[in-house]
Amino acid sequence: SAVISQKPSRDICQRGTSLTIQCQVDSQVTMMFWYRQQPGQSLTLIATANQGSEATYESGFVIDKFPISRPNLTFSTLTVSNMSPEDSSIYLCSVAGTAGNTIYFGEGSWLTVV
Amino acid sequence: QKEVEQNSGPLSVPEGAIASLNCTYSDRGSQSFFWYRQYSGKSPELIMSIYSNGDKEDGRFTAQLNKASQYVSLLIRDSQPSDSATYLCAVNPPRAGTALIFGKGTTLSVSS
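Chains as they are written, first to last, in our numbering: chain A, 1 to 114; chain B, 1 to 112.
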C-alpha cells in the first residue's frame, strides 16, 4: 500500500480563518479522496480529486467551502474556508490502491476551530 | 434509507469469544465491500475486502457476503482485548466511482 503523509497533523484554528491541508503520496496515484470524520461520527466523503480535472464533490459539500487542488499524481490539498466550530473534524486524505478497488488512508489532520 | 447501515453498538464480548459484526447496504449494484478497523485517535486501517458471495477467511477474521440480501458481515474468532476498536463497513456503490461510502461503525469491546 502507498505511504500517505498529511500536514498539519493537528491544528487549532480561529473562527473565520481558512486552513490548507496537504497530502503527499509516495507513489503516483490516479484517484485521491478527501473524507471528513466529525467527532463520534463515521467517515463522510467530501470529494474525489483527479489530476488534471476539477474535483467531484459529494452532496452537501461545495467548492467555495472546500477548494481542492491536485497539481500532480502524488499531491493534493484541501482548504477548509471560513471555518466555524462545526468544521472541527478529522480530515483524511486517501488513495486507491494499485488494484483500484481498495482505499488507504493517511494519518489524518485533526482540526479544532475555536 | 442510508447507503450503509451498521449497529453502532457497543458490542461487548469476552476474550476468546466470536464477535459478529453486521452491515447492510442499499445499492444493489455495489460490487466491492470492505471492513476497516479504527482505534481511538487513529485513522482507519483496512482489515479485509470481499467481492464475491460467500466467505473469505484471513487469520482470525472471516468476511461474509450475501449480495441477494445486501448483507456483509465480519466474524472475529478468538477475540482479544486488542481487537477493541470501531469497525467500519465500507461499500463501493456505482455512483461513487472508486470512492467508498462508510457506515457509522460498530464499537467492539473485548473484555479480558
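Think of the hints as simulated: they come from the structure by calculation, not from any bench. Just so you know, not all the hints are guaranteed correct.
With a straight-line Cα cutoff of 27 Å, these simulated DSS-like cross-link-like pairs (lysine-lysine) come out [stated by the list, open to error]:
#  : chain 1 : residue 1 : chain 2 : residue 2
1  : B       : K42       : B       : K56
2  : B       : K42       : A       : K65
3  : B       : K56       : B       : K104
4  : B       : K2        : B       : K56
5  : B       : K67       : B       : K2
6  : A       : K65       : B       : K104
7  : A       : K7        : A       : K65
8  : B       : K104      : A       : K7
9  : B       : K104      : B       : K2
10 : B       : K104      : B       : K42
11 : B       : K2        : A       : K65
12 : B       : K42       : B       : K67
13 : B       : K42       : A       : K7
Derived, one-sided and incomplete: chain A residues facing chain B with beta-carbon distance under 7 Å [stated by the list, open to error]:
#  : residue
14 : D26
15 : V29
16 : M31
17 : F33
18 : Q51
19 : Y57
20 : G60
21 : P85
22 : S88
23 : T102
24 : I103
25 : L111
26 : V114
We put the beta carbon where it would ideally sit given N, CA and C, even for glycine.
Now for the hints, and whether the structure bears them out:
Distance check on the hinted pair: K42(B) and K56(B) sit about 26 Å apart at the alpha-carbon level, within 27 Å; holds. A threshold of 27 Å between alpha carbons decides the hint, and for K42(B) with K65(A) the separation of about 25 Å falls inside it, so the pair holds. A hinted pair counts as satisfied when its Cα atoms are at most 27 Å apart, and K56(B) with K104(B) qualifies at roughly 23 Å. Taken as a hint, the K2(B) and K56(B) pair is honoured in the structure, with Cα atoms around 26 Å apart against an allowance of 27 Å.
A C-alpha spacing of about 17 Å is found between K67(B) and K2(B), which places the hinted pair at or below 27 Å, so the restraint holds. Of the supplied pair hints, the one linking K65(A) and K104(B) holds, its CA atoms being roughly 24 Å apart against a limit of 27 Å. Only pairs whose Cα atoms come within 27 Å are accepted, and K7(A) paired with K65(A) is accepted, the gap being roughly 19 Å. At most 27 Å may separate the alpha-carbon atoms for a hinted pair to count; K104(B) and K7(A) meet this at roughly 26 Å.
At most 27 Å may separate the alpha-carbon atoms for a hinted pair to count; K104(B) and K2(B) meet this at roughly 10 Å. A distance of roughly 16 Å separates the Cα atoms of K104(B) and K42(B); the hinted pair therefore holds under the 27 Å criterion. Restraint check: the Cα-Cα separation between K2(B) and K65(A) comes to about 25 Å, which is no more than 27 Å; the hinted pair holds. Between K42(B) and K67(B), the direct Cα distance comes to roughly 31 Å. Violation of the 27 Å bound is thereby established for this hinted pair.
Taking the CA atoms of K42(B) and K7(A), the gap is near 15 Å; set against the 27 Å cutoff, the hint holds. At its closest, the beta carbon of D26(A) sits 16 Å from a beta carbon of chain B; the interface hint therefore is violated under the 7 Å criterion. Taking 7 Å as the C-beta contact cut-off toward chain B, the hint placing V29(A) at the interface is violated, the least distance being around 10 Å. Evaluation of the M31(A) hint against chain B yields a held restraint, the C-beta minimum of about 5 Å falling below 7 Å.
A distance limit of 7 Å between C-beta atoms decides the matter here; for F33(A) the minimum to chain B is near 5 Å, and the interface restraint holds. For Q51(A), the suggested interface contact is broken, since its CB lies about 14 Å from the closest CB of chain B, more than 7 Å. Annotation: Y57(A) was flagged as interfacial toward chain B, and the flag is violated, the nearest CB pair being 11 Å apart, outside 7 Å. The interface hint given for G60(A) is violated, since its Cβ lies 13 Å from the closest Cβ of chain B, which is over the 7 Å cut-off.
The restraint placing P85(A) at the interface with chain B is violated, with a minimum CB-CB distance near 20 Å, outside the 7 Å limit. Hint on S88(A) is violated. Least Cβ distance to chain B is approximately 15 Å, over the 7 Å limit. Here the hint on T102(A) is kept, as its CB sits about 6 Å from the closest CB of chain B, short of 7 Å. Taking 7 Å as the C-beta contact cut-off toward chain B, the hint placing I103(A) at the interface holds, the least distance being around 5 Å.
A least Cβ separation of about 14 Å between L111(A) and chain B goes past the 7 Å threshold, and the interface hint is therefore violated. The interface hint given for V114(A) is broken, as the beta carbon of that residue sits about 20 Å from the closest beta carbon of chain B, more than 7 Å.
Checked against the numbered hints given earlier, the structure breaks hints 12, 14, 15, 18, 19, 20, 21, 22, 25, 26 and satisfies all the rest.
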